[in-house]
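J.: Using the hints, put the two standalone chains together into the complex.
So the sequences go chain by chain: D and Z.
Just so you know, numbering that gives the first Met the number 0 puts the end of the first sequence at 201, numbered straight through with nothing missing.
Just so you know, numbering that gives the first Met the number 0 puts the end of the second sequence at 267, numbered straight through with nothing missing.
Keep in mind that the hints were calculated from the coordinates and are not lab data.
Heads up, the beta-carbon is just placed ideally off N, CA and C, and yes, glycines get one too.
The reader is advised that the hints may include incorrect statements.
To be verified - Chain Z regions said to be covered by chain D (calculated; three or more residues, Cβ under 8 Å): (1) 149-162; (2) 167-174; (3) 253-261.
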Amino acid sequence: MPALRIERLATKLIGPISFDVAPGECLALMGASGAGKSLLLRAIVDLDPSTGNVTLGLHARDDMPASEWRKLVAFVPAESGWWGDRVRDHFPSNCDATELIGKMGLAGSIEWEVSRLSTGERQRLALARALCRKPQALLVDEPTASLDDCATRLVEDLIRECCREGMALVLVTHDRLQAERMAKRLLRMSEGRIDRPSENVP
Amino acid sequence: MNSYIPLTHRDLLLASIFLAMNAGFSILLSLRLERQLIVSALRMITQLFVVGFVLKTIFTLSSPWLTLLVAAIMVTFAGREIWARQDRRLRGIWGIGLGGTSMLLAGTIVTVFALTTQIQPTPWWSPQFALPLFGMILGNTMTGVSLGLDTLHTALYRERAAIEAKLLLGSTRWEAVSAAHQRALRSGFTPIINSMAATGVVSLPGMMTGQILSGVDPQEAVKYQILITLLIGGATGLGVLAATFASAWRLTDNRERLRLDRLAAPRK
Numbered sequence: 000m001p002a003l004r005i006e007r008l009a010t011k012l013i014g015p016i017s018f019d020v021a022p023g024e025c026l027a028l029m030g031a032s033g034a035g036k037s038l039l040l041r042a043i044v045d046l047d048p049s050t051g052n053v054t055l056g057l058h059a060r061d062d063m064p065a066s067e068w069r070k071l072v073a074f075v076p077a078e079s080g081w082w083g084d085r086v087r088d089h090f091p092s093n094c095d096a097t098e099l100i101g102k103m104g105l106a107g108s109i110e111w112e113v114s115r116l117s118t119g120e121r122q123r124l125a126l127a128r129a130l131c132r133k134p135q136a137l138l139v140d141e142p143t144a145s146l147d148d149c150a151t152r153l154v155e156d157l158i159r160e161c162c163r164e165g166m167a168l169v170l171v172t173h174d175r176l177q178a179e180r181m182a183k184r185l186l187r188m189s190e191g192r193i194d195r196p197s198e199n200v201p
Numbered sequence: 000m001n002s003y004i005p006l007t008h009r010d011l012l013l014a015s016i017f018l019a020m021n022a023g024f025s026i027l028l029s030l031r032l033e034r035q036l037i038v039s040a041l042r043m044i045t046q047l048f049v050v051g052f053v054l055k056t057i058f059t060l061s062s063p064w065l066t067l068l069v070a071a072i073m074v075t076f077a078g079r080e081i082w083a084r085q086d087r088r089l090r091g092i093w094g095i096g097l098g099g100t101s102m103l104l105a106g107t108i109v110t111v112f113a114l115t116t117q118i119q120p121t122p123w124w125s126p127q128f129a130l131p132l133f134g135m136i137l138g139n140t141m142t143g144v145s146l147g148l149d150t151l152h153t154a155l156y157r158e159r160a161a162i163e164a165k166l167l168l169g170s171t172r173w174e175a176v177s178a179a180h181q182r183a184l185r186s187g188f189t190p191i192i193n194s195m196a197a198t199g200v201v202s203l204p205g206m207m208t209g210q211i212l213s214g215v216d217p218q219e220a221v222k223y224q225i226l227i228t229l230l231i232g233g234a235t236g237l238g239v240l241a242a243t244f245a246s247a248w249r250l251t252d253n254r255e256r257l258r259l260d261r262l263a264a265p266r267k
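Next comes chain Z alone, as it looks inside the complex (with noise of 0.2 Å):
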């Protein structure tokens, strides 16, 4: 099974053709996509050759600071998307703080846990399994997480006037969110549940084909595939459901008001 086969630079320029060929065909026709599809694809290469590179080096140097200075820079990239994938923020500090706290505090639990516990690699923070690891987990929650805070803050915009009506009768804050909240859940949760219904079925996970590709069994990759997606789909819940939780208790407040003075006008 250990079939592992290296690639080299040749072996790349050939897979080049079929992409060369496409933006022939674009001048051909006058798409005018060749221009952009030259330069996506010397950007892919030239980000991935420097990944390698600073991957290697990290996995050689095998520093715990330098590390979690990585997990740190792509938890700020992460928490910077989270902000600029909803169309209504919360203002100020909560903008960014929120979304980004819940994603870090639900990806580095669940991190941790497997590494400590499931994968236990020596030493425990080894960067060659936490950093790809970390990386997978987060990404997933960032999603979710936005897709979350951007529902509950649209639906909490739109629906205000129910939302005051129902405030009005006499419904506690959590009542009168609920439904709003209810639907910033569904929608954050949605994409995880989705891809591990078609896992397998539809889609073959990349991380999973890469392994069998680098020579693993298949049998071994599915179960390292289930972990990775068991520990997904968790933290993805935890992240979504405390960002959604912080978000709904920062727009209302402890005299039962709904204070949408607090969420910022949406971006141009």
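Isolated chain D, as found in the complex (with noise of 0.2 Å):
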């Protein structure tokens, strides 16, 4: 799988950012809450207009339509969207989750309702629809924010795993043994901009 490259990408708010993922990498990245760490995400995924270039490998993020972008690069923001009553409409018809949600330790949810749906099973969903479309990069805000230890244990193990299978993932968290536990290496944002280059994490 390709890496993930960002040079001096930049919006009306953040930036110029430039870094790197390795393919199989996870990267993490931390900051203050209003530093840009989401804005930066979207930016990477063109929701928000920017300048600069993104690249996954051999695709150049401005040549392709962005609807094709955001297949190999997927973002699961931390507040997520829903439009369909039940779970399923959010999930591709040829697209068997029961798997995918089975490993988050919410088999037979596909059936549940969205609006009887908890913050954390959201979350968790959100990532599983958004794993099941099999992007080759993966940006992930928080995704364990509201969830307790057991939960944030299944969904740290199935990004290890998108890992191993050679994705490149950038992870935002607050939480510094988070970033310890999945990243090897971490960026520091603050007031749009990263702080200095990446440090490894012990």
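T.: In structure tokens form, the structure reads like this:
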């Protein structure tokens, strides 16, 4: 699988920012609230207008339709959006999500009503529906923010599995310990910039 | 059948007796409605007398430029009304321009079509036919367009998380906004659909009633009413379609993004 490369990426509010994520690497992104972490992830998947280059291996973001790019580079925001009544409506019909959902400890939830899901269940199912579409890189914004320890472990295991399969992964987290568990490299953001070159996580 | 009965000023005075009685009751029962009642009645009377005078002058002069000028004034007021009836509007010139242009296009196409191929007065732009027809079509299109845009903008704003979730999973902008767009279209079409369904059973249209009162054969008046209602329905539909498609296009972009930064904050 290809590497994710971000070169001089800037929007009105953040940047310019440059960094690389190797295939199979999990890069942790930390920083105070309002530092621009979520804006950076939005800019990478082209949800906000930006300048600079973003590439995934030989694919350049600006040379392909945004909808195709987002199938390669998946972004799971901290707050998930739902449009249908049932969980099933949010999964493509050609994808069997049973195993994926089971790994998150939510077996059988595909038939549930979205309005009855807890915040933590929504968060995990949002990750599942993104992974179901087989992206090559994954950007996750605080995927375990409202999860208990047990569910957090399940999600972390799943993220590790994605890395083992070769996905380039960016993990935004407020939890230093989680960064240490998951990532070998850590970027810190403040006021829309990367503070200094990436540090190695012990 | 041709039994038009002209009214005198004395008739109007007599007709106001019951309204004056209401004002009296309001004072007796201290409802404090008398002031509003009288002021709005006087406003109505003055406005209508002025309109009657203006229309008579325009009809007598029968100038194409004057007719066009009056039509332009009507469009300006209706365009402002569309703008005012939206809670969240497009920023900048788009706010008044998009709704106004959609209404103007739909209203003009349908009015000119009706004048030149169905009603066919001489000359075709004769103000006596063009202005009332344009006014009725414009008024209904205005209601449809403002409802459609208001629904669309509110839905896109409230459902941005769901819309962006669709975009993130690889939908195009049209796929992502289609649910909100459908709701906007439905709300823009609802008034005209409801009024067509109720016409003649629940309500007698004002224009038809007026024609009957002025001595026109009811069967002829009905034909006029059907013509007008069909035109109004057509123009409203075209206006709502044009406005909501244009606005959904404006509020997304060709990189499949939702551009709520192009929407202004609601009024306080």
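J.: All hints, please: hold or fail.
T.: Evaluation of the provided hints:
Figure legend: the stretch 149-162 of chain Z, annotated as covered by chain D; annotation consistent (5 residues with Cβ-Cβ distances under 8 Å, at least 3 required). For a cut-off of 8 Å, the count of residues in the stretch 167-174 of chain Z with a CB near a CB of chain D stands at 5, and the three-residue condition holds. For the stretch 253-261 of chain Z, the assignment as covered by chain D holds, since 4 residues bring a beta-carbon within under 8 Å of that chain's beta-carbons and 3 suffice.
Hint compliance for this structure: no hint is broken.
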